[in-house]
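A.B. asks: First residue of the sequence shown? That's 1 in our numbering, and the numbers climb one at a time after it.
Treat the hints with care, as some may be off.
As the list claims (entries may be wrong) - No farther apart than 16 Å at their CA atoms in a straight line, the calculated lysine to aspartate or glutamate pairs in the EDC-like style are these:
| id | residue 1 | residue 2 |
| --- | --- | --- |
| 1 | K28 | D54 |
| 2 | K57 | D39 |
| 3 | K108 | D34 |
| 4 | K57 | D34 |
Keep in mind that the hints were calculated from the coordinates and are not lab data.
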Amino acid sequence: MATNSSSDNWSSTAYQNAAAFVPKLATKVVQWLDIQPTDKVLDIGCGDGILTNDLAKTLTTGTLHGIDSSPSMITTATASAPPNTTYSVLDACALSSTPSLQTGAFNKVFSNAALHWILRDEASRVSVFRGAHAALAPG
1 MATNSSSDNW
11 SSTAYQNAAA
21 FVPKLATKVV
31 QWLDIQPTDK
41 VLDIGCGDGI
51 LTNDLAKTLT
61 TGTLHGIDSS
71 PSMITTATAS
81 APPNTTYSVL
91 DACALSSTPS
101 LQTGAFNKVF
111 SNAALHWILR
121 DEASRVSVFR
131 GAHAALAPG
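With the hints as extra help, turn the sequences into a complete structure.
C.D. replies: Spelled out as structure tokens, the structure:
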């Protein structure tokens with residue numbers, strides 16, 4: 001599991017109590033993503049995994065991998081993950097320097113309600129998008 005050395009500023013319990021509506025607002029994003037049963041999907045900023053684990057139900061032979069900088073969120077996501085879903089603690093800003101995720105293994109990358117947190121630091125923006133691009137298979 002990749003890790004992030006910064007402190008955990010998130011509580012999955014507090015998040016679920018305050019922001020349970022967030023996955024429900026993802027309808028349009030999910031439609032645009034157009035998940036197919038064989039897709040290999042990377043979820044950047046997966047949070048507590050509620051949406052990620054729900055999307056994984058669509059995948060029959062595909063896989064879904066979620067990353068989040070919060071160990072608390074990843075612990076919660078992993079606890080209810082279906083067999084075709086994996087998670088790792090990873091700050092999206094470090095995505096481009098994580099060799100195991102830079103192999104072009106994914107055919108879709110998405111993020112729901114996380115980029116506004118991830119891209120706050122202007123200096124990290126290019127790195128995040130380069131990392132997402134390198135995670136995608138050619139084509």
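A.B. asks: Evaluate each hint against the coordinates.
C.D. replies: Status of the hints after comparison with the structure:
no.	hint	result
1	K28 with D54	15 Å, holds
2	K57 with D39	12 Å, holds
3	K108 with D34	9 Å, holds
4	K57 with D34	13 Å, holds
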